[in-house]
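Sequence lines, in order, name chains L, B, A and F. Residue 1 is where the first sequence starts when you use this note's numbering, and the numbers rise one by one after that. Residue 1 is where the second sequence starts when you use this note's numbering, and the numbers rise one by one after that. Residue 1 is where the third sequence starts when you use this note's numbering, and the numbers rise one by one after that. Residue 1 is where the fourth sequence starts when you use this note's numbering, and the numbers rise one by one after that.
To be clear, the hints were calculated from the coordinates, so they are not data collected in a lab. Among the hints, a few may not be true.
Ranges between beta-carbon positions, derived for each pair [unchecked claim]:
| # | chain 1 | residue 1 | chain 2 | residue 2 | range |
| --- | --- | --- | --- | --- | --- |
| 1 | F | Phe214 | B | Tyr20 | 35 to 41 Å |
| 2 | A | Leu160 | F | Pro210 | 43 to 49 Å |
| 3 | A | Ile164 | F | Leu80 | 24 to 30 Å |
| 4 | F | Pro210 | A | Ala54 | 55 to 61 Å |
| 5 | B | Tyr62 | A | Ala54 | 33 to 39 Å |
| 6 | L | Ala145 | B | Tyr76 | 44 to 50 Å |
| 7 | F | Phe93 | B | Cys222 | 32 to 38 Å |
| 8 | B | Met100 | A | Ile164 | 55 to 61 Å |
| 9 | F | Ala145 | A | Leu109 | 55 to 61 Å |
| 10 | B | Met100 | L | Leu39 | 51 to 57 Å |
Ideal Cβ placement from N, Cα and C applies to all residues, glycine included.
Protein chains: 4
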Amino acid sequence: MEAEQKGERRWQRRLHEIIYEVDTVEGRAFDISLIWAILLSILVVVIDSVESIAQHYGDWLYRAEWFFTILFTIEYVLRLISIRKPLRYMFSFMGLVDLMAILPTYFSLFLTGASYLLVVRALRLLRIFRILKMWHFIAEGRIIAQALYRSYIKISVFLLFILIMVTIMGSIMYLIEGGENGFDNIPTSIYWSIVTLTTVGYGDISPVTPLGRFFAAFIMLCGYGIIAVPTGIVTTEFMSAVQKGNSSQSCPNCGREGHDADAAYCKYCGSHL
Amino acid sequence: MEAEQKGERRWQRRLHEIIYEVDTVEGRAFDISLIWAILLSILVVVIDSVESIAQHYGDWLYRAEWFFTILFTIEYVLRLISIRKPLRYMFSFMGLVDLMAILPTYFSLFLTGASYLLVVRALRLLRIFRILKMWHFIAEGRIIAQALYRSYIKISVFLLFILIMVTIMGSIMYLIEGGENGFDNIPTSIYWSIVTLTTVGYGDISPVTPLGRFFAAFIMLCGYGIIAVPTGIVTTEFMSAVQKGNSSQSCPNCGREGHDADAAYCKYCGSHL
Amino acid sequence: MEAEQKGERRWQRRLHEIIYEVDTVEGRAFDISLIWAILLSILVVVIDSVESIAQHYGDWLYRAEWFFTILFTIEYVLRLISIRKPLRYMFSFMGLVDLMAILPTYFSLFLTGASYLLVVRALRLLRIFRILKMWHFIAEGRIIAQALYRSYIKISVFLLFILIMVTIMGSIMYLIEGGENGFDNIPTSIYWSIVTLTTVGYGDISPVTPLGRFFAAFIMLCGYGIIAVPTGIVTTEFMSAVQKGNSSQSCPNCGREGHDADAAYCKYCGSHL
Amino acid sequence: MEAEQKGERRWQRRLHEIIYEVDTVEGRAFDISLIWAILLSILVVVIDSVESIAQHYGDWLYRAEWFFTILFTIEYVLRLISIRKPLRYMFSFMGLVDLMAILPTYFSLFLTGASYLLVVRALRLLRIFRILKMWHFIAEGRIIAQALYRSYIKISVFLLFILIMVTIMGSIMYLIEGGENGFDNIPTSIYWSIVTLTTVGYGDISPVTPLGRFFAAFIMLCGYGIIAVPTGIVTTEFMSAVQKGNSSQSCPNCGREGHDADAAYCKYCGSHL
Chain L
1 MEAEQKGERR
11 WQRRLHEIIY
21 EVDTVEGRAF
31 DISLIWAILL
41 SILVVVIDSV
51 ESIAQHYGDW
61 LYRAEWFFTI
71 LFTIEYVLRL
81 ISIRKPLRYM
91 FSFMGLVDLM
101 AILPTYFSLF
111 LTGASYLLVV
121 RALRLLRIFR
131 ILKMWHFIAE
141 GRIIAQALYR
151 SYIKISVFLL
161 FILIMVTIMG
171 SIMYLIEGGE
181 NGFDNIPTSI
191 YWSIVTLTTV
201 GYGDISPVTP
211 LGRFFAAFIM
221 LCGYGIIAVP
231 TGIVTTEFMS
241 AVQKGNSSQS
251 CPNCGREGHD
261 ADAAYCKYCG
271 SHL
Chain B
1 MEAEQKGERR
11 WQRRLHEIIY
21 EVDTVEGRAF
31 DISLIWAILL
41 SILVVVIDSV
51 ESIAQHYGDW
61 LYRAEWFFTI
71 LFTIEYVLRL
81 ISIRKPLRYM
91 FSFMGLVDLM
101 AILPTYFSLF
111 LTGASYLLVV
121 RALRLLRIFR
131 ILKMWHFIAE
141 GRIIAQALYR
151 SYIKISVFLL
161 FILIMVTIMG
171 SIMYLIEGGE
181 NGFDNIPTSI
191 YWSIVTLTTV
201 GYGDISPVTP
211 LGRFFAAFIM
221 LCGYGIIAVP
231 TGIVTTEFMS
241 AVQKGNSSQS
251 CPNCGREGHD
261 ADAAYCKYCG
271 SHL
Chain A
1 MEAEQKGERR
11 WQRRLHEIIY
21 EVDTVEGRAF
31 DISLIWAILL
41 SILVVVIDSV
51 ESIAQHYGDW
61 LYRAEWFFTI
71 LFTIEYVLRL
81 ISIRKPLRYM
91 FSFMGLVDLM
101 AILPTYFSLF
111 LTGASYLLVV
121 RALRLLRIFR
131 ILKMWHFIAE
141 GRIIAQALYR
151 SYIKISVFLL
161 FILIMVTIMG
171 SIMYLIEGGE
181 NGFDNIPTSI
191 YWSIVTLTTV
201 GYGDISPVTP
211 LGRFFAAFIM
221 LCGYGIIAVP
231 TGIVTTEFMS
241 AVQKGNSSQS
251 CPNCGREGHD
261 ADAAYCKYCG
271 SHL
Chain F
1 MEAEQKGERR
11 WQRRLHEIIY
21 EVDTVEGRAF
31 DISLIWAILL
41 SILVVVIDSV
51 ESIAQHYGDW
61 LYRAEWFFTI
71 LFTIEYVLRL
81 ISIRKPLRYM
91 FSFMGLVDLM
101 AILPTYFSLF
111 LTGASYLLVV
121 RALRLLRIFR
131 ILKMWHFIAE
141 GRIIAQALYR
151 SYIKISVFLL
161 FILIMVTIMG
171 SIMYLIEGGE
181 NGFDNIPTSI
191 YWSIVTLTTV
201 GYGDISPVTP
211 LGRFFAAFIM
221 LCGYGIIAVP
231 TGIVTTEFMS
241 AVQKGNSSQS
251 CPNCGREGHD
261 ADAAYCKYCG
271 SHL
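So that you can see chain L by itself, here it is in the shape it has in the complex (with noise of 0.2 Å):
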């Protein structure tokens, strides 16, 4: 009975090393081709939006589509039988996503209609968060985000200062359009200031009248000085990281700190690392 129990155990904890681990050869191996799995599968939700190709090749992407589903539900089903505790992973985000993964398939049997397979499609796009599964291959995606992340509070409410920024310049706009031009009302032109203000301009609505041609490039010169701030807080997070990596050493000899992260003897006193 215990020896079954160990045997059990065992091929479960070969499978828990294959499927949740990178450490081995078969582990890194599962891994990459998960990888390609969601990649492909995502291939063929996205292509199969595209009308002309639905159409001849409909029938082969339903295929593959049915292919990756089932291949990510026995993923799944193993995921939960060589896991100890299968309930915390069904409710964690991860085994969330992974759910999320290959329920819209089975939806589409019971919903139909085009409306529907809209939303279905959608949701199997949902997969592509499965990728984040393979963050830990990158080291430097933590470097990032520890940067954007440190920054989040600064970048927030500079955020905030934009809201109110674009909500004063778009009624202003408003009054001076006078309420055409494609400044119909007060939300359409806080999302013209928005457009013009990060500088993407699509041109949908652009200012007619000599005075709100004025009041934009008024707005364009600020908004030229106001993108410098996003970039100056990220920029400054990131050279305090670099700084901060070089300098997590201290001599054994003299204490001091500082040192790249490539030395191996201290660059005032000489001594070993």
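Put chains B, A and F on the given structure of chain L with help from the hints.
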């Protein structure tokens, strides 16, 4: 008599504490309620400008507008009677903003007609400035404001330089396109230059002649280099703010701050830190 | 004879002080008046190009133009007679700019016709360069100019690299869209590449074929990374300019550098700087 | 026999010096002539694609094209006979580029028809890569290239992150606008997301529904914060490149470089600098 005056002072002081300060629980609650009231009242004005919504929910929006106006009127009166120098408050920037937040709705009783309505609506949106009162909630905002303030002169000089450049570029473009293809006059051409140099690029006016396109490409590549300048200015200010901020120690002798992180002696009076 | 010459010299020197220098009250007043005259004369030229204004206020603008032309002529003559080497001034850059500021209006007496008018108007705008004379008012301008000047070579090399890239990108796009959809020839396609890479994006020409859009998206993402380069160059120059500015002083006691601009005592050893 | 071989070697070595090296006056003159020839030949191809020019000066452009092709053919042959290992050169990147610079024109003798002409013309433009050979003229280019190369991995990770984001954003937008208003399918919506996030903003596709505009504004404000990331990465690399560059000293013991400006001991081997 004196006791009564003291009693009066007590509720006045209590009211002052709630309205003007954030130290007490009630004061904090008051501030947060106020922010919500301001945001909701702005939302009412903004969506009231959308015709389709105004037609259906016009009555409700009208009532909501009056609700907020009366609320802000009560707040304004309370502010007046709870402060020691009401006149100074009335003519302060924030006092005028507070007054502007309630006046337009009362004006709308006397002024009728679509064109007046537009102005009244825009004036109501000045309430958004009242959110600036809440700025003290946000410590991060101060750092951004300081960095922008310190780079204020440099950015102004830079904008002056940009203004000279766009005048010249606009005039050349007016000459090249020969007053046609949307480049009808020099102000319009200057407007186009600003749209191009700031990389907004609406496309409402765009060069058509080969020479015009060549010159436009030249302007864009200039803008590429020039857009770097405000970013460079602001980033530099941010970084020196952070480096200064690292050494928040103040001198034990003269009490001044702003020493570098590696400073051992006060740079102002020379005493040991 | 000598006394007379001396007397002549005295009023000449006095005039020279007023016109060329800013140390005296009169010199400063002269400079400020001149800036206003230049700005107003530019304004006259700019608004004269707007047809609707020219039709109504044409006479006034014509008189204003002649007023400023005569004013600048007097100034030019005064500059000539108050300087010791008039010829050197005449053929200096500023002397030529000053001459260009008055000549076009006199030319307009002989040259008639709409096309000449356009050129004359544009030439008049060269007056704007005279504002550069006032640059010495602004200390901050020098820092920006220096940072830009020092990054001049790097940005030139970068622009050369961009020019090679846009030629290749434009040619590929010309090939993909098959000389249609606005991509009529290679120069136009290169123009489109520049519009896209600099994130201006007019939309007068935009890809229509799927492959064209795919490649355009690729160019945009490249531009995303590439726009960072001039910013990085200029920011680095700004920061080293600031750091240089800080460390211009070395301590007379310990000889170490890196003191702030406002430091009175060495931050390392505490001795007076 | 041996003398003859030596003589052959002598003119070969001389030719090698001129063609492959820049130490001699002739070598430098050869390189500069070559740059001009490349630039002019590119100009010929570029303006040949403009129909109005091709109609008038077609003959001259045809002759110029053959002149440059024969010139580059001679250069290619000289390169082959003056180098010791001709095969290695032939199959090197630069050798293949050199071959690509002459082949298309010869191909054009056999391939006729407008569609082939387009391809041949584009292939001829590959000559532009030959300018990269001249890169050694420019020292500044190396610094930029190094900074870009070092931030290569970080920017790649960042672009991967952007690709995931635009896929999600494009899909949501496709869902919101319901496959209409230009958002016909998911690839097109992803294209629109990239156009928006990179702040290019053609305006060929732009949201029309209120919810679509709201979400588009959200994407733009995200892009505002996100555009800061590559700038932050590159600027940080530039600055550490400059700081490293300041201390260009190499260790007298192990000869390695890259020490900080304040280093007194080699960080690799610990010997005194």
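For this session: Please test the hint of 55 to 61 Å on the beta carbon pair from methionine 100 of chain B and isoleucine 164 of chain A.
Result: Between methionine 100 of chain B and isoleucine 164 of chain A, where Cβ atoms are some 56 Å apart, the hint holds.
Exercise. At the C-beta level, are proline 210 of chain F and alanine 54 of chain A separated by a distance inside 55 to 61 Å?
Worked result: violated, 42 Å
Exercise. Taking 32 to 38 Å as the hint, is the beta-carbon distance of phenylalanine 93 of chain F and cysteine 222 of chain B inside that range?
Worked result: holds, 33 Å
For this session: Go ahead and decide if the range 35 to 41 Å is satisfied by the Cβ distance of phenylalanine 214 of chain F to tyrosine 20 of chain B.
Result: holds, 36 Å
Problem set entry | Status of the given 24 to 30 Å range, CB of leucine 80 of chain F versus CB of isoleucine 164 of chain A | holds, 26 Å
For this session: Could you tell me whether the CB distance from alanine 145 of chain L to tyrosine 76 of chain B stays inside 44 to 50 Å?
Result: For tyrosine 76 of chain B against alanine 145 of chain L, whose Cβ atoms are near 47 Å apart, the range 44 to 50 Å holds.
Exercise. Between methionine 100 of chain B and leucine 39 of chain L, does the beta-carbon spacing fit 51 to 57 Å?
Worked result: holds, 56 Å
Problem set entry | tyrosine 62 of chain B paired with alanine 54 of chain A, Cβ distance criterion 33 to 39 Å | violated, 47 Å
For this session: Could you check the hint for me, namely that alanine 145 of chain F and leucine 109 of chain A are 55 to 61 Å apart, CB to CB?
Result: holds, 57 Å
Exercise. Taking 43 to 49 Å as the hint, is the beta-carbon distance of leucine 160 of chain A and proline 210 of chain F inside that range?
Worked result: holds, 46 Å
Of the numbered hints given earlier, the model fails hints 4, 5; all others are met.
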